[in-house]
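Undergrad: Chain by chain, the residues:
Number of protein chains: 2
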Amino acid sequence: MKKIINPDKKNWSSLIKRPSLSYENIEPLAKKIFRDISNYGDSAINKYSKKFDNIELDSFKVKRDEILKAINNVPLDLKLAIQNAKKNIKIFHEAQITKPIKVETQPGVLCWQKKIPIERVGLYIPGGSAPLFSSILMLSIPAKVAKCGQVIMCSPPDANGNLADVILYTANLCGVDEIYKIGGIQAIAAMTFGTKSIPKVDKIFGPGNQYVTVAKQLAAQHKVAIDLPAGPSELMVVADKSANPDFIASDLLSQAEHGPDSQVYLITNDIKIADMTINKLKLQLNLLERKDIANKALNNSKVIYFEDYSDLIDFTNLYGPEHLIVCLENINEFIDKIINAGSVFIGNFTPESAGDYASGTNHTLPTNGYSRQYSGVNLDSYLKAVTFQKITPKGLSKLGPMVEKMASAEGLEAHRNAISIRLKSL
Amino acid sequence: MKKIINPDKKNWSSLIKRPSLSYENIEPLAKKIFRDISNYGDSAINKYSKKFDNIELDSFKVKRDEILKAINNVPLDLKLAIQNAKKNIKIFHEAQITKPIKVETQPGVLCWQKKIPIERVGLYIPGGSAPLFSSILMLSIPAKVAKCGQVIMCSPPDANGNLADVILYTANLCGVDEIYKIGGIQAIAAMTFGTKSIPKVDKIFGPGNQYVTVAKQLAAQHKVAIDLPAGPSELMVVADKSANPDFIASDLLSQAEHGPDSQVYLITNDIKIADMTINKLKLQLNLLERKDIANKALNNSKVIYFEDYSDLIDFTNLYGPEHLIVCLENINEFIDKIINAGSVFIGNFTPESAGDYASGTNHTLPTNGYSRQYSGVNLDSYLKAVTFQKITPKGLSKLGPMVEKMASAEGLEAHRNAISIRLKSL
Numbered sequence: 001m002k003k004i005i006n007p008d009k010k011n012w013s014s015l016i017k018r019p020s021l022s023y024e025n026i027e028p029l030a031k032k033i034f035r036d037i038s039n040y041g042d043s044a045i046n047k048y049s050k051k052f053d054n055i056e057l058d059s060f061k062v063k064r065d066e067i068l069k070a071i072n073n074v075p076l077d078l079k080l081a082i083q084n085a086k087k088n089i090k091i092f093h094e095a096q097i098t099k100p101i102k103v104e105t106q107p108g109v110l111c112w113q114k115k116i117p118i119e120r121v122g123l124y125i126p127g128g129s130a131p132l133f134s135s136i137l138m139l140s141i142p143a144k145v146a147k148c149g150q151v152i153m154c155s156p157p158d159a160n161g162n163l164a165d166v167i168l169y170t171a172n173l174c175g176v177d178e179i180y181k182i183g184g185i186q187a188i189a190a191m192t193f194g195t196k197s198i199p200k201v202d203k204i205f206g207p208g209n210q211y212v213t214v215a216k217q218l219a220a221q222h223k224v225a226i227d228l229p230a231g232p233s234e235l236m237v238v239a240d241k242s243a244n245p246d247f248i249a250s251d252l253l254s255q256a257e258h259g260p261d262s263q264v265y266l267i268t269n270d271i272k273i274a275d276m277t278i279n280k281l282k283l284q285l286n287l288l289e290r291k292d293i294a295n296k297a298l299n300n301s302k303v304i305y306f307e308d309y310s311d312l313i314d315f316t317n318l319y320g321p322e323h324l325i326v327c328l329e330n331i332n333e334f335i336d337k338i339i340n341a342g343s344v345f346i347g348n349f350t351p352e353s354a355g356d357y358a359s360g361t362n363h364t365l366p367t368n369g370y371s372r373q374y375s376g377v378n379l380d381s382y383l384k385a386v387t388f389q390k391i392t393p394k395g396l397s398k399l400g401p402m403v404e405k406m407a408s409a410e411g412l413e414a415h416r417n418a419i420s421i422r423l424k425s426l
Numbered sequence: 427m428k429k430i431i432n433p434d435k436k437n438w439s440s441l442i443k444r445p446s447l448s449y450e451n452i453e454p455l456a457k458k459i460f461r462d463i464s465n466y467g468d469s470a471i472n473k474y475s476k477k478f479d480n481i482e483l484d485s486f487k488v489k490r491d492e493i494l495k496a497i498n499n500v501p502l503d504l505k506l507a508i509q510n511a512k513k514n515i516k517i518f519h520e521a522q523i524t525k526p527i528k529v530e531t532q533p534g535v536l537c538w539q540k541k542i543p544i545e546r547v548g549l550y551i552p553g554g555s556a557p558l559f560s561s562i563l564m565l566s567i568p569a570k571v572a573k574c575g576q577v578i579m580c581s582p583p584d585a586n587g588n589l590a591d592v593i594l595y596t597a598n599l600c601g602v603d604e605i606y607k608i609g610g611i612q613a614i615a616a617m618t619f620g621t622k623s624i625p626k627v628d629k630i631f632g633p634g635n636q637y638v639t640v641a642k643q644l645a646a647q648h649k650v651a652i653d654l655p656a657g658p659s660e661l662m663v664v665a666d667k668s669a670n671p672d673f674i675a676s677d678l679l680s681q682a683e684h685g686p687d688s689q690v691y692l693i694t695n696d697i698k699i700a701d702m703t704i705n706k707l708k709l710q711l712n713l714l715e716r717k718d719i720a721n722k723a724l725n726n727s728k729v730i731y732f733e734d735y736s737d738l739i740d741f742t743n744l745y746g747p748e749h750l751i752v753c754l755e756n757i758n759e760f761i762d763k764i765i766n767a768g769s770v771f772i773g774n775f776t777p778e779s780a781g782d783y784a785s786g787t788n789h790t791l792p793t794n795g796y797s798r799q800y801s802g803v804n805l806d807s808y809l810k811a812v813t814f815q816k817i818t819p820k821g822l823s824k825l826g827p828m829v830e831k832m833a834s835a836e837g838l839e840a841h842r843n844a845i846s847i848r849l850k851s852l
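So the sequences go chain by chain: A and B.
Mapping to the working numbering: the first sequence position 312 is 312, numbers consecutive.
So the mapping is simple: the working numbering equals the position in the second sequence, first residue as 1, plus 426.
Be careful, since some hints might not be right.
Just a few of them, taken from the derived set where beta-carbon distance is under 7 Å, the chain B residues facing chain A [stated by the list, open to error]:
1) Ala-507
2) Ser-676
3) Glu-715
4) Phe-732
5) Gly-773
6) Thr-776
7) Ser-785
Since the hints were derived computationally from the structure, they do not count as laboratory data.
Every residue, glycine too, gets a C-beta built ideally from N, C-alpha and C.
Could you put the whole structure together from the sequences, leaning on the hints where they help?
TA: In structure tokens, the structure reads:
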């Protein structure tokens, strides 16, 4: 992990660069799979599941008895932990429910806004080495709080055509309506167009590798919304002398183990904290199972010392980290100045892991500097704000003449006439 | 305008089709302009402004004295109308301000969500035949209510290098920070990358022709967010015998005059209303200045009679109109069942024009069926929801062991360790 001392502001833009990713070579493949699934439906899904995952299934849909078996197989202590996480996530997302807004903007002109759930939601849960059941919690619980009509899920099965027990347990616990054993680009394409077996959805949520990322981008061009532009995971720790280097090192590694393209930063105004953290990192790294992955991620990562406290704030906002851990003495002063971040973890006993799994906040967050303009997944990600208005004849008699003037000034006489014809009738 | 009687449900999917638009032939040009402006900045803007708009300017930025002159030139009655619209739009968008949400999800685990304004916002206001100052109201007022740091605006100048007085007046009234005389693809590219003259922004808002639409799609691939996927404007009127055919005809025409690719629908369970509206349409059409445009739009449009009341609801939700006017006797019953619509206008004295200009709701709305998954522009379009959490040592001692179990079950030992190392220290 590279240490940098007091970088000149004119070099900051190079310091906030993420590991570069190019998806262009995946696009032609993704477009072909989208075309095929749009044209040939289930048979094309079968073709690509066989080709990429070496899987042939009679049916994509997980059956009730598979779920019952899975519920039986998950150890009780893990079940209790998942149930507790579910409770916290539900509480936090329920707190985000807003009441309809109703305002009489001028006499007789009543305007209101009501949030309406998106009808059909599709979740993608990656397969691979670890069963990421925590993403099911994060994506299905707010969908249910929002009262989306239909919540389906796709996830690639293992070599025997099965999904992990804990995946099925969690999906069932959270009320996912249907679970399908399909992975990768073909899963996203299936939810985009719909097939005989797989329903079309209105919005697709979920993490994934580069293939899934490209597929979601393509889906967004076919009248499906997506949760967020995806990118590799990131963590920035801001620390002063009040921080604990052992804790910081553990946090940096927890993010680094995600993948070789992850990025972790420590920024500090205390050079001792910088050096001690680097030492602790080396010690802790050697004990990790996913050491090789974490080590590669550390090559994309930096420890930066800033003499000026204000640089800590400015650099944080310029970087706009997905996850931000803040361990400072004057913490509130710093927190109030944060403009760009996905989720913020405050103090020495608030590791990112807590929010990744169970504290209640969502772990689906903007990466790659997108915290400048995007929220992480939250209740509103599953809702649409629809406006309504009702004007009384008396209200229109006051408002109407002003609308007539504005419409005429824009050269839109039919707009004006829709008012005039009503005013004349009064 | 084609009349259809009781269409079979299996044909509905063809009835909700919008006029098809293909942007593929514009994409190569847009990509070239993006590349050039990314590489050559202002000189590339100049090159394309000359090429497409036949404009050569010493400076893109509107000067203070141009604004002062414009303020002088706008007639007082129009100024008062614009000020009244501003007041209503401000009231309605201020009503959308939410308080931070703070919840202790379990003892010692405090989670909160705070909305933070997007720092830099860019508005695009089309030029052309009519000066669309109403879009400035709709896009800049919520930006100011949200307290965005910087609100800039681009709009193409006329042949003399000027923007319309009413455009400058409105932008100044609403507190737009800088106004630039640039149009089309080059304006969107300039705000995407930033140049010496034009600041880079985080999110681009605003309507535009097909060139601007493609440019906004490209911008979204360059780390800039956009308000909405754009498409031609639409209106659906749902009416029963309580409606007024003259009023309906005026509303359909107000939407049809927008452009030849606009689409307007009347759906009704009263065949007399259908026929009378078609007659009134013909009469009113002949009186319009923009008759040719409206007539072309009417070719994309339909009057549909449904015998069953429930079909009115189902067809509305399947179509998902941008604008929906509802003139029914049992209006509340219908309103409660609306799932997919951008903005809803209720009763015989609530023409769409009112919301287009001055009632208070926003007129930037999802078209082309996107009301299934997108909100129209609202206060939240200018804000990001950022989450925070703070866990006490005692809180972590309860939550931590459950996080450890979940992290281990996902095979992420460094995630587990970030908890364990803290629990051990207690």
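Undergrad: Compare the structure with each hint and give your call.
TA: Now the hints, each set against the structure:
The interface hint given for B:Ala-507 holds, since its Cβ lies 4 Å from the closest Cβ of chain A, which is under the 7 Å cut-off. Taking 7 Å as the C-beta contact cut-off toward chain A, the hint placing B:Ser-676 at the interface holds, the least distance being around 4 Å. Interface restraint check: B:Glu-715 against chain A, minimum CB-CB distance 5 Å, threshold 7 Å, status holds. Checking B:Phe-732 against chain A: minimum C-beta separation of about 21 Å lies over 7 Å; hint violated.
Interface restraint check for B:Gly-773: the shortest CB-CB distance to chain A comes to about 6 Å, inside 7 Å, so the restraint holds. For B:Thr-776, the interface hint holds, the least distance from its beta-carbon to any beta-carbon of chain A being 4 Å, beneath 7 Å. Hint status for B:Ser-785 relative to chain A: holds, with the closest Cβ pair at about 5 Å, below 7 Å.
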